[in-house]
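S.K.: Taken in sequence, the protein lines are chains B and Y. Throughout the first sequence, residue numbering follows the numbering used here, covering 405 to 515 in sequence. Throughout the second sequence, residue numbering follows the numbering used here, covering 4 to 123 in sequence.
By construction, these hints were calculated from the structure, which means they are not laboratory data. Accuracy of the hints is not assured; some may be wrong.
Said to hold, decoys possible - Derived Cβ-Cβ restraints for the label pairs, each shown as a range:
| no. | chain 1 | residue 1 | chain 2 | residue 2 | range |
| --- | --- | --- | --- | --- | --- |
| 1 | Y | N33 | B | G483 | 27 to 33 Å |
| 2 | Y | G6 | B | G458 | 29 to 35 Å |
| 3 | Y | R44 | B | H416 | 39 to 45 Å |
| 4 | Y | M18 | B | P486 | 39 to 45 Å |
Claimed, not checked - Straight line, CA to CA, 20 Å or less: simulated EDC-like cross-link-like pairs of lysine to aspartate or glutamate:
| no. | chain 1 | residue 1 | chain 2 | residue 2 |
| --- | --- | --- | --- | --- |
| 5 | B | K461 | B | E474 |
| 6 | B | K446 | Y | E47 |
| 7 | B | K462 | Y | E14 |
| 8 | B | K446 | Y | D60 |
| 9 | Y | K81 | Y | E111 |
| 10 | Y | K81 | Y | E47 |
| 11 | Y | K27 | B | E474 |
| 12 | B | K463 | B | E409 |
| 13 | Y | K71 | Y | D60 |
| 14 | B | K461 | Y | E111 |
| 15 | B | K446 | Y | E111 |
| 16 | B | K463 | Y | E14 |
| 17 | B | K473 | B | E487 |
Note that beta-carbon positions come from the ideal geometry of N, C-alpha and C, so glycine has one too.
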Amino acid sequence: ILNVEQSPQSLHVQEGDSTNFTCSFPSSNFYALHWYRWETAKSPEALFVMTLNGDEKKKGRISATLNTKEGYSYLYIKGSQPEDSATYLCASSNTGNQFYFGTGTSLTVIP
Amino acid sequence: DAGVIQSPRHEVTEMGQEVTLRCKPISGHNSLFWYRQTMMRGLELLIYFNNNVPIDDSGMPEDRFSAKMPNASFSTLKIQPSEPRDSAVYFCASSLLGSVWDFQSSYEQYFGPGTRLTVT
Numbered sequence: 405i406l407n408v409e410q411s412p413q414s415l416h417v418q419e420g421d422s423t424n425f426t427c428s429f430p431s432s433n434f435y436a437l438h439w440y441r442w443e444t445a446k447s448p449e450a451l452f453v454m455t456l457n458g459d460e461k462k463k464g465r466i467s468a469t470l471n472t473k474e475g476y477s478y479l480y481i482k483g484s485q486p487e488d489s490a491t492y493l494c495a496s497s498n499t500g501n502q503f504y505f506g507t508g509t510s511l512t513v514i515p
Numbered sequence: 004d005a006g007v008i009q010s011p012r013h014e015v016t017e018m019g020q021e022v023t024l025r026c027k028p029i030s031g032h033n034s035l036f037w038y039r040q041t042m043m044r045g046l047e048l049l050i051y052f053n054n055n056v057p058i059d060d061s062g063m064p065e066d067r068f069s070a071k072m073p074n075a076s077f078s079t080l081k082i083q084p085s086e087p088r089d090s091a092v093y094f095c096a097s098s099l100l101g102s103v104w105d106f107q108s109s110y111e112q113y114f115g116p117g118t119r120l121t122v123t
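Please put together the full structure from these sequences, using the hints given.
M.R.: The structure is reproduced here in structure tokens:
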């Protein structure tokens, strides 16, 4: 069983602040790292999929990096807005197409 | 496309009853995943199909749970008999998976709205 860990568990930031959080995963049999944004009462929405060491992806004010050798990924949000408030989930998939999710980082952006 | 469709959205049933959850994946996707979300365990993968064939069902809790995918556009997750500890939100997701060696193929999972199951 893969252990995907996310930190911090929850985070409160002021509107306009930039923030980042971490996803760590075992690097053995690694295939891809996935980030999802999950708003309350909705279903998870895919943000990024990364497969190669050193990958960087960006979507608007949100970006992510991947280090497969040391087994971590960072998600960055620049200039946080209240609509960014959500739980950010990461999942690691292996070469057997098995997905393992972390428990998420709950972000609250205070206006 | 309407996205992944799940039904019902809410289900309340009594212990011992059979429950059937339904999922229609995005047209053209070749993989379908069933997840369960609970406060205690977060999001857990129950079973995953590729081209209608169950590939990994190691997450299915016990024999009371079964899943089928009779064709590319429909899947069911059945619980018989249901128990209060089965109460959770059940998500279905679909994806277009290429070869594990094809780094260009889309690998994102698209989730349905979920079915909230309450077993009393």
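S.K.: So, for every hint listed, does it hold in this structure?
M.R.: Okay, the hints, checked on the actual structure:
no., hint, verdict
1, Y:N33 with B:G483: 27 to 33 Å, "38 Å, violated"
2, Y:G6 with B:G458: 29 to 35 Å, "32 Å, holds"
3, Y:R44 with B:H416: 39 to 45 Å, "25 Å, violated"
4, Y:M18 with B:P486: 39 to 45 Å, "41 Å, holds"
5, B:K461 with B:E474, "18 Å, holds"
6, B:K446 with Y:E47, "17 Å, holds"
7, B:K462 with Y:E14, "38 Å, violated"
8, B:K446 with Y:D60, "25 Å, violated"
9, Y:K81 with Y:E111, "26 Å, violated"
10, Y:K81 with Y:E47, "16 Å, holds"
11, Y:K27 with B:E474, "38 Å, violated"
12, B:K463 with B:E409, "23 Å, violated"
13, Y:K71 with Y:D60, "11 Å, holds"
14, B:K461 with Y:E111, "14 Å, holds"
15, B:K446 with Y:E111, "17 Å, holds"
16, B:K463 with Y:E14, "36 Å, violated"
17, B:K473 with B:E487, "33 Å, violated"
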